[in-house]
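Q: Each chain, written out:
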Amino acid sequence: MNLMNRVKAFGAFWYDFVIGDDWQVAAIIVAALALTAILTHAAGVNAWWLLPLCAFAALGWSLYRATSKTSE
Amino acid sequence: MNALPLILTVFVACAVEAVEALTIVLAAGITREWKSTFQGMAVALVVLAAITAAIGPAIGYLPLTPLRLVVGALLAIFGLQWLRKAVLRATGYKALHDEASAYLREVTAAETAARESRRGVSDWYAFTLAFKGVLLEGLEVVFIVVTFGDNQKNVGAAVIGAAAAIVVITVTGIAVRAPLTKVPENWMKFAVGVMLTSFGTFWGAEGAGVAWPGNDAALLVLAPLVALVSAGYIVWLRSRKAAVSAPARESEAVSS
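Top line first, the protein sequences correspond to chains C and W. So for the first sequence, my numbering puts the first residue at 79; every next one is plus one. So for the second sequence, my numbering puts the first residue at 219; every next one is plus one.
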């Protein structure tokens with residue numbers, strides 16, 4: 079295995095380890111955290127409810143897409 | 219916070235990983251050779267110890283707020299992955315992780331692989347199989363122990379939970395000398411997914427600057443809520459699956 083393949087395999091392993099099967103879940107969580115920080119620090123809103131809501135929505139959205147693919 | 223929830227969460231999470239590692243080690247040891255298998259395991263454990271020794275204290279020096287933001291995000295993403303898989307498996311959209319069939323796959327591959335001696339190891343295949351299995355499953359254990367332990371400022375309790383899980387699974391595996399098929403793996407993964415998502419959401423939001431109503435007590439509401447919503451998704455997907463398959467059954471009955 080050459081160096082490039084090793085680097086690719088290393089990157090693929092960490093992508094799979096951290097991001098997993100659905101990158102959109104990770105994107106929603108990161109966006110929700112950024113929005114929470116903005117609301118809390120810039121707008122003075124204690125937005126503790128935002129991240130749980132986004133986590134539930136991300137899970138539901140991911141499950142919906144995964145099962146729509148298989149049931150079609 | 220009381221150390222018991224921390225110990226139990228780490229125990230269950232690490233038990234799931236230990237069951238998967240045990241399946242691979244048993245397949246390598248029984249079908250190939252125990253000496254090379256133990257060598258592979260030992261080298262993987264040394265690498266894991268080195269990673270823990272390097273990362274663990276370094277993370278402990280980071281300021282708590284950015285640490286909670288980053289670790290919270292990672293844990294929430296990690297937990298949602300586990301929950302997604304557990305819900306899909308519970309509803310039949312994804313095959314259940316079956317340790318017996320995983321063991322059979324590894325055994326079949328191990329029986330057909332050629333025997334090769336390399337770098338002082340008499341059976342290189344058994345060595346690499348055990349090394350990869352223990353290292354990959356162990357990395358998840360290290361991640362959970364380091365993140366939970368550092369965030370709760372109680373690495374000792376996290377290590378106790380992980381060590382207890384590894385000892386219990388190893389002793390059980392030695393006693394039965396077979397893959398642990400009776401372990402309700404999917405429900406354990408569901409429980410771990412709930413805990414990782416709850417802790418990740420809690421720490422992530424704290425790191426982003428929010429103050430949770432009731433402080434740490436908010437976790438006592440958040441974790442059951444995550445479990446309830448995830449259980450709701452299982453009910454929803456089951457009814458959706460039944461609704462999709464019912465017209466198909468009806469048309470089969472009409473045509474026959």
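Read the hints as simulated data drawn from the structure, not as lab findings. A few of these clues could be false.
When the alpha-carbon atoms are kept at most 25 Å apart in a straight line, the in silico SDA-like pairs for lysine to any residue are as follows [unchecked claim]:
no., chain 1, residue 1, chain 2, residue 2
1, W, K312, C, G98
2, W, K312, C, A120
3, W, K371, C, S146
4, W, K350, C, F134
5, W, K350, C, M82
6, W, K459, C, F134
7, W, K350, C, F91
8, W, K350, C, R84
9, W, K303, C, M82
10, C, K86, W, I248
11, W, K350, C, V85
12, C, K86, W, L357
13, W, K303, C, N83
14, W, K303, C, I116
15, C, K86, W, I273
Q: Holds or violated: W:K350 with C:F91, Cα cutoff 25 Å?
A: OK: W:K350 and C:F91 at ~12 Å, within 25 Å.
Q: So if I understand the rule, the pair passes when the alpha-carbon distance is 25 Å or less; does W:K303 with C:M82 pass?
A: violated (31 Å)
Q: Is the straight-line distance between the alpha-carbon of W:K303 and that of C:N83 25 Å or less?
A: violated (29 Å)
Q: For the pair we were handed, W:K350 and C:V85, check the Cα-Cα distance against 25 Å.
A: Within the cut-off at roughly 17 Å; holds.
Q: Take the C-alpha atoms of C:K86 and W:L357, compute the straight-line distance between them, and say whether it is at most 25 Å.
A: Given that 25 Å is the threshold and the Cα spacing comes to 19 Å, the pair holds.
Q: Would you mind confirming whether the straight-line C-alpha gap from W:K312 to C:A120 stays at or under 25 Å?
A: Not OK: W:K312 and C:A120 at ~43 Å, beyond 25 Å, violated.
Q: Has the given pair, W:K350 with C:R84, been kept, meaning a C-alpha gap of at most 25 Å?
A: holds (15 Å)
Q: What's the verdict on C:K86 and W:I273, does the C-alpha distance respect the 25 Å limit or exceed it?
A: With a Cα-Cα distance of about 23 Å, the restraint between C:K86 and W:I273 holds, given a limit of 25 Å.
Q: Holds or violated: W:K350 and C:F134, Cα atoms, limit 25 Å.
A: Cα-Cα ~34 Å, so violated.
Q: Is the straight-line distance between the alpha-carbon of W:K459 and that of C:F134 25 Å or less?
A: Cα-Cα ~20 Å, so holds.
Q: Assess, step by step, whether the Cα of W:K312 is no farther than 25 Å from the Cα of C:G98, and give holds or violated.
A: Given that 25 Å is the threshold and the Cα spacing comes to 15 Å, the pair holds.
Q: Within a Cα-Cα threshold of 25 Å, do W:K350 and C:M82 meet the stated pairing?
A: At roughly 21 Å apart (the allowed maximum being 25 Å), C:M82 and W:K350 satisfy the hint.
Hints 2, 3, 4, 9, 10, 13 and 14 from the earlier list are contradicted by this structure; the remaining hints agree with it.
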